[in-house]
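Protein chains: 2
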Amino acid sequence: MKFKRSERIVYMTSYLLRHPNQLVPLTFFVQKFEQAKSSISEDIQIIKETFQQEEIGIVTTTAGASGGVTFVPKMYRREAKELIDYLCDMLQEKERLLPGGYLFMSDLVGNPRLLGQVGELIATMYMDEEIDAIVTIATKGISLANAVANIMNVPVVVIRKDNKVTEGSTVSINYVSGSSRKIETMVLSKRTLPEESNVLIVDDFMRAGGSITGVMNLMSEFKAKVIGVSVLVESKEVKHRLIEDYTSLVKLSDVDEYNQSFTVEQGNCLERFK
Amino acid sequence: MKFKRSERIVYMTSYLLRHPNQLVPLTFFVQKFEQAKSSISEDIQIIKETFQQEEIGIVTTTAGASGGVTFVPKMYRREAKELIDYLCDMLQEKERLLPGGYLFMSDLVGNPRLLGQVGELIATMYMDEEIDAIVTIATKGISLANAVANIMNVPVVVIRKDNKVTEGSTVSINYVSGSSRKIETMVLSKRTLPEESNVLIVDDFMRAGGSITGVMNLMSEFKAKVIGVSVLVESKEVKHRLIEDYTSLVKLSDVDEYNQSFTVEQGNCLERFK
Numbered sequence: 001m002k003f004k005r006s007e008r009i010v011y012m013t014s015y016l017l018r019h020p021n022q023l024v025p026l027t028f029f030v031q032k033f034e035q036a037k038s039s040i041s042e043d044i045q046i047i048k049e050t051f052q053q054e055e056i057g058i059v060t061t062t063a064g065a066s067g068g069v070t071f072v073p074k075m076y077r078r079e080a081k082e083l084i085d086y087l088c089d090m091l092q093e094k095e096r097l098l099p100g101g102y103l104f105m106s107d108l109v110g111n112p113r114l115l116g117q118v119g120e121l122i123a124t125m126y127m128d129e130e131i132d133a134i135v136t137i138a139t140k141g142i143s144l145a146n147a148v149a150n151i152m153n154v155p156v157v158v159i160r161k162d163n164k165v166t167e168g169s170t171v172s173i174n175y176v177s178g179s180s181r182k183i184e185t186m187v188l189s190k191r192t193l194p195e196e197s198n199v200l201i202v203d204d205f206m207r208a209g210g211s212i213t214g215v216m217n218l219m220s221e222f223k224a225k226v227i228g229v230s231v232l233v234e235s236k237e238v239k240h241r242l243i244e245d246y247t248s249l250v251k252l253s254d255v256d257e258y259n260q261s262f263t264v265e266q267g268n269c270l271e272r273f274k
Numbered sequence: 001m002k003f004k005r006s007e008r009i010v011y012m013t014s015y016l017l018r019h020p021n022q023l024v025p026l027t028f029f030v031q032k033f034e035q036a037k038s039s040i041s042e043d044i045q046i047i048k049e050t051f052q053q054e055e056i057g058i059v060t061t062t063a064g065a066s067g068g069v070t071f072v073p074k075m076y077r078r079e080a081k082e083l084i085d086y087l088c089d090m091l092q093e094k095e096r097l098l099p100g101g102y103l104f105m106s107d108l109v110g111n112p113r114l115l116g117q118v119g120e121l122i123a124t125m126y127m128d129e130e131i132d133a134i135v136t137i138a139t140k141g142i143s144l145a146n147a148v149a150n151i152m153n154v155p156v157v158v159i160r161k162d163n164k165v166t167e168g169s170t171v172s173i174n175y176v177s178g179s180s181r182k183i184e185t186m187v188l189s190k191r192t193l194p195e196e197s198n199v200l201i202v203d204d205f206m207r208a209g210g211s212i213t214g215v216m217n218l219m220s221e222f223k224a225k226v227i228g229v230s231v232l233v234e235s236k237e238v239k240h241r242l243i244e245d246y247t248s249l250v251k252l253s254d255v256d257e258y259n260q261s262f263t264v265e266q267g268n269c270l271e272r273f274k
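Chains as they are written, first to last, in the UniProt record's numbering: chain B, 1 to 274; chain X, 1 to 274.
It is worth saying that the hints were derived from the structure and are not from the lab. Honestly, I wouldn't trust all of these hints.
Since the list gives no way to pick one copy over another, a pair counts as held whenever it fits inside one copy or between any two copies.
Said to hold, decoys possible - In silico SDA-like links for lysine to any residue, alpha-carbon gap of 20 angstroms or less: (1) K94 <-> V226; (2) K74 <-> G101; (3) K32 <-> I46; (4) K74 <-> H19; (5) K161 <-> V24; (6) K32 <-> Q52; (7) K190 <-> Q53.
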């Protein structure tokens, strides 16, 4: 059975979108469609140009016997700006302020479509880095970490603050929570992260950065290299931040619990979008 | 600027794949491409037929002024069978058995590509139901719930076993853990689930079903209707199961901790794939 070009293009576009950041050998499509390599290359060229023009992402092709095609999703500056503006508007709602200067964000973190866009934004900032795993802290960071990992095609590693039996042998560290100054514990199963991995740390909310400092200490126990730290919201209400090098989508400041007021503005991540 | 048919097809295929279970008005594409409605309809027909033939999913079109096109991802029986066989092989590894008859599954739950397929399988089983939200229990169920919600285009609602301040006012219930017979608490923020929602409960592992019974009781506090319960792994080592109506991908039995042996076989979910 012969496929028309338009049918091949539907299939190949779907396949690439469903397998981001994965090298697909050209021979896979050549065999599937029983077509000459040159025709398949032309199909890919059409997909590549449309993806670029319509800002869907980047299609790279590599030549040679082990050659193939890789789709790298990319968020462009205009879309990143729109997304951050949308998040700022959404989070600015007065009723979101919770005791302790936190923001209610469960609806945002529970919205898969919106979180998918946030994941694409974060993945774009680190697209040129070699990353082996996304590391996060239970429970709020998990959905966000999954959204980033979906795009990057790498595993998610979840650090827990309790020690459940279902993970096998674990490594744990104690850390001082940056804002409450309490001593807490975090635990990671040995089996979940190979030694000497390159990791990106992702979380929903950062205040002084105590938890993330804890994660970094735990990572050094696994001989991991922390390539970056990215948070959805950072709170500016902090005198000494423990972490200096991070990206944030949104910045929270001027929290006044008595008057139920606060300010939400864009974080530093747009600097990464030229 | 005019688009060629092949370029339109690349764009429309991408758009539909990135917006599953969402009605896209035909006029959106008509305006984008400055093309007659009839040409756009022809493009969609090509996408529809290829998606069906290649078992990517279903494209439905509705006529009229508010008409449009919806992409519904669907997993077909052959692929569901392959996935379940793969999961059985993977989980059969001897080293996975943990104290208490649990299985190490963090690598599976942390693999976004694999979890995406599991999400598509579960979403397919409930594709004909009206579902407003996916409900799960922290922490292990979160990634799976996100994978299902991504496909279904509905929010994820996370029930917690601790009570953190960052969620606003909450409803909590006590329940008896089916296997350990301990009394535990589960908590859900009032704001995260509107009353009278139709929910699908998703979790990674079910033994006697105590947690899921707890979730069902909590759901009745929210006047929610439980449309279904779906778990990745069910353990058969249970005399009285508290939940009768559920789907599972994989079944664990014959757990012998002393000899480090157990059996993994396919769960009941293939019955839903004709």
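Okay, the hints, checked on the actual structure:
no.: 1; hint: K94 <-> V226; in the structure: neither (36 angstroms within a copy, 32 angstroms between copies)
no.: 2; hint: K74 <-> G101; in the structure: neither (33 angstroms within a copy, 43 angstroms between copies)
no.: 3; hint: K32 <-> I46; in the structure: both (18 angstroms within a copy, 18 angstroms between copies)
no.: 4; hint: K74 <-> H19; in the structure: both (14 angstroms within a copy, 17 angstroms between copies)
no.: 5; hint: K161 <-> V24; in the structure: neither (39 angstroms within a copy, 42 angstroms between copies)
no.: 6; hint: K32 <-> Q52; in the structure: between (25 angstroms within a copy, 16 angstroms between copies)
no.: 7; hint: K190 <-> Q53; in the structure: neither (44 angstroms within a copy, 44 angstroms between copies)
Hints 1, 2, 5, 7 from the earlier list are contradicted by this structure; the remaining hints agree with it.
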